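Go ahead and model the full structure; you've got the sequences and the hints to work with.
Chains A and B, in that order, are what the protein sequence lines are. If you're matching positions, the first sequence starts at 1 in the numbering used here and goes up one per residue. If you're matching positions, the second sequence starts at 1001 in the numbering used here and goes up one per residue.
It is worth saying that the hints were derived from the structure and are not from the lab. Computed from a predicted structure; not experimentally measured. Check each hint, because a few of them may be wrong.
Said to hold, decoys possible - Keeping only pairs whose Cα atoms sit at most 25 Å apart, straight-line, the calculated SDA-like set for lysine to any residue is:
(1) B:K1135 <-> A:A149
(2) A:K135 <-> A:Q45
(3) A:K135 <-> B:A1149
(4) A:K274 <-> A:A149
(5) A:K135 <-> B:G1138
(6) B:K1135 <-> B:G1272
(7) B:K1274 <-> B:L1090
(8) A:K274 <-> A:P327
The residues making up each chain are set out below.
Number of protein chains: 2
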Amino acid sequence: MQQARDSQGRDGGRLRVLVVGAGFGGLTLTRRLRAAPVQVTLLDQNNYHLFTPLLYQVATALLDPSEIAHPVRGILRGQGNARFRMGRLLAVHAAEHRVETSIGDIAYDRLVLAAGSVNNTFGNPSIEEHAFPLKELGDALALRNHVLAAFERAATTADPQQRRRFETIAVVGAGPTGVECSGAFSELSRLVLRRDYAGEPLDRIDTELLEAAPSLLGSFAPSLQRAAKRTLERKGVQVRLSTPVKELKGSGTLVLGDGATVEAATVVWTAGVKASPAGELLGVALDRGGRVPVDEWMRVVGVSDVYAIGDMAAVRGVGGPHPMLAPPAIQQGEHVARQLTAEATGQPGPGPFRYRDKGTMATIGRNSGIAQIGRLRFSGFIGWAMWLVVHLVQIIGFRNRLIVLINWAWDYVLFDRPVRLIAEAKRRNGDNQIP
Amino acid sequence: MQQARDSQGRDGGRLRVLVVGAGFGGLTLTRRLRAAPVQVTLLDQNNYHLFTPLLYQVATALLDPSEIAHPVRGILRGQGNARFRMGRLLAVHAAEHRVETSIGDIAYDRLVLAAGSVNNTFGNPSIEEHAFPLKELGDALALRNHVLAAFERAATTADPQQRRRFETIAVVGAGPTGVECSGAFSELSRLVLRRDYAGEPLDRIDTELLEAAPSLLGSFAPSLQRAAKRTLERKGVQVRLSTPVKELKGSGTLVLGDGATVEAATVVWTAGVKASPAGELLGVALDRGGRVPVDEWMRVVGVSDVYAIGDMAAVRGVGGPHPMLAPPAIQQGEHVARQLTAEATGQPGPGPFRYRDKGTMATIGRNSGIAQIGRLRFSGFIGWAMWLVVHLVQIIGFRNRLIVLINWAWDYVLFDRPVRLIAEAKRRNGDNQIP
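Structural data, given as structure tokens:
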């Protein structure tokens, strides 16, 4: 069937590949196709690739947006067979090999969906409305502005109970994001803001980490889970396991499963993700978490010439489905690139996809991290140092690496977070808006 | 009269000084009072000091916000006699020595208004609604997001006339901000975006600088005006003098004084500023441009114990009123600090304020600037190098200087502007907002 498409679908003799999503999977795929005789269009609703593992550092006022976000056009400079389009995917007409987007129709020979995942509040409207997610760059900026404004309010609030509310940050969900985020907020509060608010009537700043399950960091070994919990508590984070959250009232009242309440002006929701709704456009039955079922070549089951990779794909086969993390997305992008290159050059394609787990890691603020690589377990300073090096290497662009390193070193030595600005783009009422 | 206040107004024996505005004037005043036996409250609606001379570099995607904005609490760390309050001034009750703010009342013994200036569209509602001002950090972020989105739209617009509109930036007003801004946009377009959009159907990117007066840079010597105009034109900016703007239609149609039109999706308004409306709260007759009339000790004429400095003050006396620039604001802040220190320590105060003009400068992008220092005139590369050094030295904080320098060097060598992200904080519908 693919051979039949080859004869009709090519553009100037070249296979037209449309990649939706400039995250880890889509961007890896696009770059790996740079020497292949194909024409790649990369579509994303943002004009940048986001290094999501460090998103919480933007939210906690350590890094600037441009240090973890890199313009896609800058990354693709010099790749003559690729072009970027900023727009949203609206519909997939697989039979016609065509998609509808917010900037018009795009025809393709091969479509690769790599649209990632979105925040999941499990249908809880009060969480949806009042809690802060932490999935996108705009989320991190909104959270940073909010939490800094809350401390300013605390400094001028006479009523002790009201003030406690402004001083409390509740992070719901103790996966890697929740652990890293609560650890970083605790340090922002204890090490940086305490100095900024010297002489003000702040009682203490309270970071709570709430988790429904009986342990934190479900994907890590029990010894590392315990190490992470101890470290968080030493840093002043209140870790409350087996503590499901039922509702968040608008005034900042978090209602727990047992009816008890937590008063927190800032509630961060990191308790769940689900596949991007882009998968729904395919008209196939989706797997758990809304993921698109694909075979071991990431081909969507039942839809010709459409692939799905990364968080939004659930591989049916050996070892699958894979965790919703960057490494499977990157490896799947590489695999699909090999397939398309083989197809375009008439070579035999690769065997089925096999995920190589290179390990996972998380950081819990200054001097403390955990890492699990095969059977090896690292915690404390060594885990933290490994985390630093791995993340610094992965950030795109030498300049970004340099500036992130300066900011980290600055914060480490001086306890002075550079980016604690309450700043956002002004909204405008006029109709002179793009798009 | 001041002595009478001293006996009744002190707080723990110390004079309570309220400074409104953390710009160049207000911040200089606050820091200069650090050794004085006074209690300073610094009020600003933002939590940062903004280095406004480089605001256009945020708008043109060269610098990140945190490189030109510095948290006030970070600046005042270690100054035990100063506290910061984030809030807006709502009313002044001078007879009661009390102000109303968005975070409650504040009593004072001496009030110093240093609220700066705001954009001035001279009562033109169509400009007010559709043009982009460039006075605040949020303005710069909104302009950056808009202009980058306009280029993305241009890349996917088939109709040539429509595309030209998206490719056109019109800067209205050829003062230093307009000249620097149009020069920087022209370079962003020609040197950076051209590479990002290689292979796209962009015709050319068009930067127009429109000025109602017959010359640009009114405050500079004619020889420097001519040098600036030549440089702008060499960089591809269309400089149109004696070209007043009448109206801006929402679709991006700029109507000129003679009825001709310019189609531009991005219109930047840098043609006027006026004093902050905070001056209106004093109930005195204001000078031209809404400035508060003050004597040669920056005391508001007719209102006891209230001073005004910087852009919002018009000094009546030798050499006044002074230009609405950073240097007069800084020098006036220093002068009022000397007065208040003298008063608090019972020493004789300084003589009348005299402005020392240390020169003015402007940059017109890579390798070209103009500077006028006393009778000396510099243009070209020397003017640019002087501009670089002076601005780098003035930026607050060593870390910021270092990172700004890296970004400048990066852009200079590689033509790769680091910050060209279309990013803003997500607005939220919930009511869990601060404040």
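Need the list of violated hint numbers for this structure, in ascending order. When the structure is compared with the hints, only number 4 turns out to be violated.
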